[in-house]
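Student: Each chain, written out:
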Amino acid sequence: MSILVAEQVCFGYGARAVLDGVDLAVRSGEIVGLIGPNGAGKSTLVRALAGIVRPGAGVVRLDGRPLAEWTRTERARRIALVPQDPRVEFPYTVLEVALMGRAPHLSALALPRGRDLDIVRGVLERLEVADLEARRIDELSGGERQRVFLARALAQQPAALLLDEPTTHLDLRHQTGLHDVARQRCRQDGLGVLSVLHDLNLAAAYCDRLVLLAGGRVVCAGPPADVLDPVTLERAFGTRVWVGRHAITAAPVVLPLPAGE
Amino acid sequence: MNSNRNTVLQTDCPAACASPEARDIGLFVGPSAGKGLDLLPVRRVLLPMERARRRFGGLLAGALALLLVSCAPAPPQAARAVPRRVVSLAPSLTEVVYGLGEGDRLVGVCAQCDYPEAARRLPKVGGYLSPSVEAVLGVRPDLVLVVPSPGNRESVRALERAGIRVLVAADRTLDDLWAGIAAVADALGVPERGEAMTSKVRGKLQAVRARVEGLPPRRVLLVVGHRPLIVAGGGTLQDELLRTAGGVNVAADAGTAFPEVPLELVVARAPDVILDAAMGSEAGGRELFAAFETIPAVRQNRIVTLAPDALFRAGPRVGEAAAMLASAIHPEAGGS
Amino acid sequence: MPAAHLTRRRLAATSALLAAALTASLAAATLIGPVRASLWTALGPGGEHTPDFAILFRTRLPRVLLGAVVGGALACSGASLQALLGNPLADPHLLGVSAGAAVAGAIALMAGADPVSPIVPLAAFLGALGTVAAVFLVARAAGRTSPYAILLVGVVCNALGAAAIMLVNAIASYTQAQGILFWIMGSLSAQSYGLVAVAGLYALAGAAVLVRHAHHLNLLAAGEEDALTLGVEVEAVRRAVFLASSLLVGAAVAVSGMISFVGLIVPHLLRLILGPDLRLLLPASFLGGAVLLVWADTLARTAFAPSELPVGVVTALLGGPFFLVLLRRALRRSAP
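Chains as they are written, first to last, in my numbering: chain L, 1 to 261; chain Z, 262 to 597; chain D, 598 to 933.
Any given hint might turn out to be false.
Partial list, derived from the structure: chain D residues whose beta carbon lies under 7 Å from chain L [to be verified]: (1) Ala616; (2) Glu822; (3) Thr826.
Worth flagging that the hints you see were computed from the coordinates, not collected in a lab. Each residue gets a CB set at the ideal place from its N, CA and C atoms; glycine is no exception.
Please construct the entire structure, taking both the sequences and the accompanying hints into account.
Tutor: Laid out in structure tokens, this is it:
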């Protein structure tokens, strides 16, 4: 079941087209990976799905209705975004930042209640940042901070979770850990996840479906085995790759081929 | 130049002039002015701050200065020719020049110089606090009359550097006024008219004193600004005039010349008469104090609005100013 | 050390503590002054007709209340602006609104309005409105209320305002210039309860609008996009917060001139103690700013008794070095 769908979405800055007729669906219980070279328009697509930017043409639908028909608060109860490189100007604590995720469910003047605290603390626990609860957000490492922002997103209890290059600052353990959490939520609670990834192997390991975006267009979409094809990848990324098979999981494995091999 | 100056003093004057103080003084004006020597025959400007420090030396210098005035004949050099083209950068000094009968020598005045009527028709060379050096130089004066203020210090220096003779007359006290009249009269070559003017003004002040003699002094507050509430403090010309007119300035201890005071001070000091010489309206002045009927001036409706001009100019009209104050403070003593 | 998050209890306890501190400060400041006044006498039989009553309840209390209102408005506005602009060192006067209010007030004075008439604060407030409109229109040229644009346009307005005030000062006479100085240095010397009441209601209304958006401002801390995904209508919130805090500052300047640093120091200091959550910081800043300004004004009234300093001088003299210390801490903290 599709929660969030982009239908023929176009977006441009002046004469430059960043997205050109893109179709993408985020479905319940599924992790879809968005891959592609730099400048392909991935971040813009994510922002269009989140309702931050409005497409020049085409429409984004949430639960079947165009986004524009939803209020922001309603959207925030269904869609959560973990940004690429979050920065906070003021010294909020980890708990305060995570609690911000409950805002769509509370009125503007209401303080969080016991239930909200339980939800948030549970998420922080799951992401292994619960002991940092009282620490200031600007004192954390990049990886810890990213997990706190994921906690904030999960605290929103969304139906669709959008991850914009979430693994940038994470070490190996947390890269997989984060996606483990996402997958668990996916399977257990029917969360629909979109993850923008540079690491094609991580994408192959966790995503049920991949969408390859290049030059603002969807070049290829489908199961990882179909999309991660050397010819397709070479054309999209402009570099030669070797694609093999994971010895244990049988998932595709992609390795770059230096020139001359 | 210094030694020349000393030689001049020594040949022109007796022993008093040979003293270190005399050497120091150079040219002066008024007991409130200070010392300073220049390369040019110029008078030095003194900052009000220095005045307090120099007061004692100043008084001595002033006494010696008066001696010098009386015993110095025409200078041996041509530099002391009687000036034909005079610029006045202070309304009070403009009035002095006209009062000495030398108004036709004025070739330029400051923008605020509006008395007598003839002064209004003279070319304007800048403001009282900010004269225009170019405009002054443009009328080619050979003497410029100035009252010292922080705002015109730079302009005065510029004029000095351009070789113009500048006479600085302080205007803080009555003694400054007498010295100023004498200096201007002397510079214009009419010292006897200066003495006459001084006598006349002194006479008027004495008449005012006589008028209020025997009457118990009334407690007075002289308001200069409504908001912030600024009043005339002690040690000012206005304070002296108030005393002459039979008043006691309730804000005389306030420290600076024109302090800002809180309203509660006025309530506490309870003046009998409030003189309102502030910019703004008469109604504003009344409204300011209207709620405080414990102040005698308010209760007995003795808030008198005064035009600020005569009151704030250390010029020949201080006599009239004192008379006006006396009428306001002691209306029962009759007018003059 | 701030707790992990804001609880109802902490909000209530901190607010109660600050409110108690404010009440105590109001009482103490009314009883302190350069002049002795007895509360006993004032409240005794026939007390309303004593000078003590006039001093305590007709000069001091209205002034102390006005100080609380203005201090609260400035600090609350400062806190919300720091959040809006994403800069913990932003000051409400940066908006340029204060300069617009000051220029309009100065022009009203030059045009002859009495400094105590209500025309002057009214004119100043209209000047503030005009400046807000100008900043708003220019900063929104791109279709959104960008904090960067607000800051830039505000700085330019400030520069223009400062130049205009200097121009007015140059044209004005000496006594008029004193009134204009009030705008630049700030003074709480308005005395009527009516004015205090109007200013107070206005300040509370403005503060209420800001508190309504307190959590939105929290959500804005991680950036515009994050706030959007959390359900904040960022554009509408920025507009409302900008308008409410500008008008708060404009009203404060209209009644008391430009009082500096309160809007910068109070929110900054309280943020260090209470944490950045604006749901606590906004009301706390209001109360804290009120306390600070009441005491600063008490110092201004008593330090050089019987004369007084403009309260803006006290806040600048104390606030300046304090701000430098804060700045040093901030720089050291951000060093790698």
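Student: With 7 Å as the cut and Cβ atoms as the points, is D:Thr826 at the interface with chain L?
Tutor: This interface hint holds because 4 Å falls under the 7 Å limit.
Student: Would the hint on D:Ala616 be counted as holding, given a Cβ-Cβ threshold of 7 Å to chain L?
Tutor: Because about 19 Å separates D:Ala616 from the closest Cβ in chain L, which is outside the 7 Å limit, the hint is violated.
Student: Quick one, is the D:Glu822 hint okay against chain L at 7 Å, beta carbons?
Tutor: holds (5 Å)
The earlier numbered hint that this structure contradicts is number 1, and it is the only one.
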